[in-house]
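Let the sequences and hints guide you as you build the complete structure.
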Amino acid sequence: MSSARGIGVNVGGQGGYRLPPASALFHPLLAFVRQYGPKVGWSLLSIALFAGLWEFLWYIGVADKRLLPPPHIFLGDFADQAKNFNTAKRWEIGVDPNSGPTPTEAVLITMASSTARVLAGLAIAAIASLCMGVLIRYYAIAEKLILPMVTLLAPVSPVAWLPVAIFLFGIGNGPAIFMVFIALFFTMTLATITQIDSVNRNYINVARTMGASKRQIYARVILPAVLPGLLVVLRLNLFGAWMVVLVAEATGVGYGLGQIISMARNTFNPGLVFFTIVIIGLLGFTFDFALRLLQKRVLFWLPKGQGGLSG
Amino acid sequence: MGERLQSRSPGPRGVRCAGVGKVWNPGTARAHEALADVTLDIAPAEFIVLLGPSGCGKSTLLYLIAGLEQPTSGRIMANGELVVAPAPDRSLIFQETSLFPWLNVSQNVSFGLSIRGAPAEERRETARRVLARVGLAEAIDRHPDELSGGMRQRVAVARALAMQPEVLLMDEPFAALDVQTRVKMQGFLLDVWEASKASVLFVTHHMDEAIALADRIVVFTARPGRIKAIVPVDAPRPRDLTSPASLDLRVRLTALLQDEVDRAFAEQEAISVGA
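Chains A and B, in that order, give the protein sequences. Heads up, the first sequence is in our numbering, so the first residue is 1 and it goes up one at a time. Heads up, the second sequence is in our numbering, so the first residue is 312 and it goes up one at a time.
No lab work stands behind these hints, which were simulated from the structure alone. These figures come from a predicted structure and were not determined experimentally. Backbone N, C-alpha and C fix where the C-beta goes; we use that ideal spot for every residue, glycine too. Treat the hints with caution; some may be incorrect.
Stated by the list, open to error - Chain A side only, calculated, beta carbon under 10 Å to chain B, not exhaustive: (1) Ala160; (2) Ser198; (3) Asn200; (4) Asn205; (5) Arg208; (6) Met210; (7) Gly211; (8) Ala212; (9) Gln216; (10) Val221; (11) Leu227; (12) Gly229; (13) Gln295; (14) Leu299.
Here is the structure:
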């Protein structure tokens with residue numbers, strides 16, 4: 001991971017949005033490859049090592065192909081796997097069983113719908129927890145009334161909220177988004193408070209000596225100062241969001257990656273489970289990468305390697 | 312220089328500390344007396360250096376005068392008014408850089424003006440003017456992370472000057488800089504001070520810095536901080552730190568500080584053994 005950082009410094013890509021070097025302007029692709037090439041290479045090698053071991057175990061007969069089918073089997077026939085993804089509402093009366101999207105489209109729709117639920121839950125939780133954290137620190141009475149409850153609920157496993165989600169929202173997108181929200185909201189609220197408390201006192205004192213009101217200090221000093229930390233918290237919770245959304249989808253939301261896993265379990269289809277795991281892994285990785293790019297763009301002032309940029 | 316010496320009696324301008332004391336966490340087991348019975352008058356345009364061992368409450372006095380903290384005893388008057396809260400005419404400059412990393416130099420310097428709701432053109436104009444005074448006119452659109460430590464402290468000084476302060480409170484502002492930069496910054500600060508006519512209250516534990524800068528050096532005792540001696544320095548600036556007068560002064564200050572450093576050291580030892 002550190003190798004990519006070193007390359008990035010050479011290319012100037014990390015701070016390049018302000019003063020892009022000529023090479024980055026004329027050969028964006030080249031710059032991209034030089035910045036991320038080694039990292040991608042190592043990632044591929046890591047995957048190859050793991051897959052190779054699995055294939056080897058299958059080859060010598062240790063890994064049973066019915067229980068632990070190796071990658072070339074569960075990834076080999078994409079069309080066959082894709083048939084299991086069906087987003088047509090065939091169970092509804094009056095709908096032609098053969099209507100609806102093709103299997104490949106169905107895979108994409110399934111991915112998109114799970115992604116959308118994660119994004120929605122994440123966005124709502126991020127905004128709500130930021131507001132709640134600021135509220136708690138801004139008003140002493142809010143802290144006294146709300147903080148104990150938030151601290152009490154923070155350690156509760158999101159799975160415990162599943163029945164509540166179904167009671168409240170039935171089935172569909174609602175409970176899945178609610179589950180992502182509830183899984184992140186309490187911990188992210190506490191994280192926001194921690195971030196606010198760790199703002200450099202000098203920043204606040206400077207603003208105070210210049211006559212800033214409490215509101216101005218929160219809006220113009222504390223908020224920008226906590227953003228880097230909060231984006232890191234968001235990134236760490238991203239994986240949590242993906243875990244929770246699968247649990248929620250497994251309980252019946254029409255379609256989604258969690259529903260596929262649940263169906264694969266019920267129909268004893270390990271190949272489909274692994275296939276879906278690969279999709280989830282890829283999606284989670286892409287998300288993390290996107291958030292890291294966002295961090296670099298939004299938080300240009302952070303020194304390299306700080307605030308989790310190097311992770 | 313002569314005018315400066317004559318104008319020492321504090322009128323309505325300047326800062327007057329009368330019997331100021333500060334106890335942190337009063338009434339608890341962690342109660343700790345940082346300052347006791349500090350009486351000190353700072354004349355307008357006077358340069359005062361507070362000298363003493365680490366942890367002797369020098370910085371606490373600055374925070375009290377800035378209005379960021381309230382004294383537990385005594386009172387502080389600034390420009391004839393009781394200090395109860397921070398005010399833009401008393402600017403504080405910190406040891407570490409306290410520039411906002413998310414703002415560029417111009418926005419940092421004019422932060423105080425934007426708090427007052429000054430229009431963009433006025434902010435920009437003021438930023439240009441004060442940055443020119445600290446010799447950083449060309450850095451106006453850069454970001455703090457692109458500047459060296461010395462440049463950042465100059466921007467911090469510019470930010471304070473933008474508020475047209477009556478009193479500049481400086482808490483070991485050059486402590487994090489290397490020796491050469493530090494000496495340059497002292498010369499720079501003297502220029503700025505001469506031009507601004509503000510009083511300066513400068514905290515340091517460096518004797519040479521005190522000798523180079525001060526009209527009066529206020530030597531503090533350790534725990535709680537009390538004024539041990541006030542040593543006037545009459546030599547014209549820029550001062551030769553190797554002159555006989557400077558050497559005499561250094562000997563005198565060393566003698567004054569030695570007991571205090573020993574005492575503070577012994578006390579810290581005792582605390583760490585007891586803990």
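Handout entry: Earlier hints that do not hold, by number
Key = 1, 2, 12 and 13
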